[in-house]
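Residue numbers (the working numbering), protein chains in the order written: chain V, 1 to 112; chain R, 113 to 218.
These aren't lab readings, by the way, just hints derived from the structure by calculation.
Warning: the hint list may mix true and false statements.
As the list claims (entries may be wrong) - These stretches of chain V come out as covered by chain R in the derived footprint (C-beta under 8 Å, 3 or more residues):
1. 69-82
2. 96-110
To be verified - Under the rule of at most 35 Å between Cα atoms (straight-line distance), these lysine-lysine pairs were calculated in the DSBU-like manner:
3. R:K114 with R:K157
4. V:K83 with R:K114
5. R:K114 with V:K62
6. V:K15 with R:K154
7. R:K191 with R:K154
8. V:K71 with V:K15
9. V:K11 with V:K83
10. V:K83 with R:K191
11. V:K44 with R:K191
12. R:K154 with V:K71
13. V:K83 with V:K62
14. V:K83 with R:K157
15. V:K44 with V:K15
16. V:K15 with R:K114
17. V:K62 with V:K11
18. V:K71 with V:K44
19. R:K154 with V:K44
20. R:K157 with V:K15
21. R:K217 with V:K62
22. R:K157 with V:K11
23. V:K62 with R:K157
24. V:K44 with R:K114
25. V:K78 with V:K44
26. V:K71 with R:K157
27. V:K44 with V:K83
28. V:K78 with R:K191
29. V:K15 with V:K83
30. V:K11 with R:K154
31. V:K44 with V:K11
32. V:K62 with R:K154
33. V:K62 with V:K44
34. V:K78 with R:K114
35. R:K114 with R:K154
36. R:K217 with V:K78
37. R:K217 with V:K44
38. R:K114 with R:K217
39. R:K114 with V:K11
Using N, Cα and C, we set each Cβ at its ideal position, and we do this for glycine too.
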Amino acid sequence: EAGVAQSPRYKIIEKRQSVAFWCNPISGHATLYWYQQILGQGPKLLIQFQNNGVVDDSQLPKDRFSAERLKGVDSTLKIQPAKLEDSAVYLCASRFRGPEQYFGPGTRLTVT
Amino acid sequence: RKEVEQDPGPFNVPEGATVAFNCTYSNSASQSFFWYRQDCRKEPKLLMSVYSSGNEDGRFTAQLNRASQYISLLIRDSKLSDSATYLCVVNNDMRFGAGTRLTVKP
Numbered sequence: 001e002a003g004v005a006q007s008p009r010y011k012i013i014e015k016r017q018s019v020a021f022w023c024n025p026i027s028g029h030a031t032l033y034w035y036q037q038i039l040g041q042g043p044k045l046l047i048q049f050q051n052n053g054v055v056d057d058s059q060l061p062k063d064r065f066s067a068e069r070l071k072g073v074d075s076t077l078k079i080q081p082a083k084l085e086d087s088a089v090y091l092c093a094s095r096f097r098g099p100e101q102y103f104g105p106g107t108r109l110t111v112t
Numbered sequence: 113r114k115e116v117e118q119d120p121g122p123f124n125v126p127e128g129a130t131v132a133f134n135c136t137y138s139n140s141a142s143q144s145f146f147w148y149r150q151d152c153r154k155e156p157k158l159l160m161s162v163y164s165s166g167n168e169d170g171r172f173t174a175q176l177n178r179a180s181q182y183i184s185l186l187i188r189d190s191k192l193s194d195s196a197t198y199l200c201v202v203n204n205d206m207r208f209g210a211g212t213r214l215t216v217k218p
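The following block holds chain V by itself, in its conformation from the complex (with noise of 0.2 Å):
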């Protein structure tokens, strides 16, 4: 069974700029999360999905961050425009109907 892909795997940017994240989940897992892991930190929820509805997007910092899953398979999730403070793991995971999430490895953001 292929796992939570996610591309791209690293990314360089300046601030200010745009930058976006694709996650493709397990195929049939409804549930789908974007985390924020700065290092040294454990991973921060920053959206959840239930099909392509949102479920709690309570911790997304709205005036720079966006995220959708139109289709309710593929995510995508968005930096405009990116911080500093901003650099960090971005992490997908997936869940079907157990308490099990299965993450993607990850995209790591720079920005310089």
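Starting from the known structure of chain V, fit chain R onto it as the hints suggest.
Chain R only, in chain V's frame:
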């Protein structure tokens, strides 16, 4: 107070040692608890769920103390391969702790 707090690390233990981590949570209505393992520069992976009655999986034991609002993870007979960061997760809204780093040394 943070929603989920973990023991500060790092924990450096010799092979064969027993080590325990705690994780406290602030929301008394929390219902679901998990321990995840994260290796360096890798994604987190579920280690075990934490049930009200406590549960064991080989050398790993997880316990829940609702009265004091904490969960614990006990690792017996530590192996070099147990070296990782252990993250606790509380509730269905997936609030992660900052993680506790464990290093098992020969």
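Verification of the supplied hints:
no.: 1; hint: 69-82; result: violated (count 0)
no.: 2; hint: 96-110; result: holds (count 7)
no.: 3; hint: R:K114 with R:K157; result: holds, 23 Å
no.: 4; hint: V:K83 with R:K114; result: holds, 24 Å
no.: 5; hint: R:K114 with V:K62; result: holds, 22 Å
no.: 6; hint: V:K15 with R:K154; result: holds, 26 Å
no.: 7; hint: R:K191 with R:K154; result: holds, 19 Å
no.: 8; hint: V:K71 with V:K15; result: holds, 31 Å
no.: 9; hint: V:K11 with V:K83; result: holds, 14 Å
no.: 10; hint: V:K83 with R:K191; result: violated, 41 Å
no.: 11; hint: V:K44 with R:K191; result: holds, 29 Å
no.: 12; hint: R:K154 with V:K71; result: holds, 28 Å
no.: 13; hint: V:K83 with V:K62; result: holds, 14 Å
no.: 14; hint: V:K83 with R:K157; result: holds, 29 Å
no.: 15; hint: V:K44 with V:K15; result: holds, 21 Å
no.: 16; hint: V:K15 with R:K114; result: holds, 29 Å
no.: 17; hint: V:K62 with V:K11; result: holds, 21 Å
no.: 18; hint: V:K71 with V:K44; result: holds, 25 Å
no.: 19; hint: R:K154 with V:K44; result: holds, 16 Å
no.: 20; hint: R:K157 with V:K15; result: holds, 32 Å
no.: 21; hint: R:K217 with V:K62; result: violated, 44 Å
no.: 22; hint: R:K157 with V:K11; result: holds, 24 Å
no.: 23; hint: V:K62 with R:K157; result: holds, 28 Å
no.: 24; hint: V:K44 with R:K114; result: holds, 12 Å
no.: 25; hint: V:K78 with V:K44; result: holds, 16 Å
no.: 26; hint: V:K71 with R:K157; result: holds, 27 Å
no.: 27; hint: V:K44 with V:K83; result: holds, 17 Å
no.: 28; hint: V:K78 with R:K191; result: violated, 41 Å
no.: 29; hint: V:K15 with V:K83; result: holds, 5 Å
no.: 30; hint: V:K11 with R:K154; result: holds, 17 Å
no.: 31; hint: V:K44 with V:K11; result: holds, 19 Å
no.: 32; hint: V:K62 with R:K154; result: holds, 27 Å
no.: 33; hint: V:K62 with V:K44; result: holds, 15 Å
no.: 34; hint: V:K78 with R:K114; result: holds, 27 Å
no.: 35; hint: R:K114 with R:K154; result: holds, 25 Å
no.: 36; hint: R:K217 with V:K78; result: violated, 41 Å
no.: 37; hint: R:K217 with V:K44; result: holds, 30 Å
no.: 38; hint: R:K114 with R:K217; result: holds, 31 Å
no.: 39; hint: R:K114 with V:K11; result: holds, 30 Å
Of the numbered hints listed earlier, those contradicted by the structure are 1, 10, 21, 28, 36.
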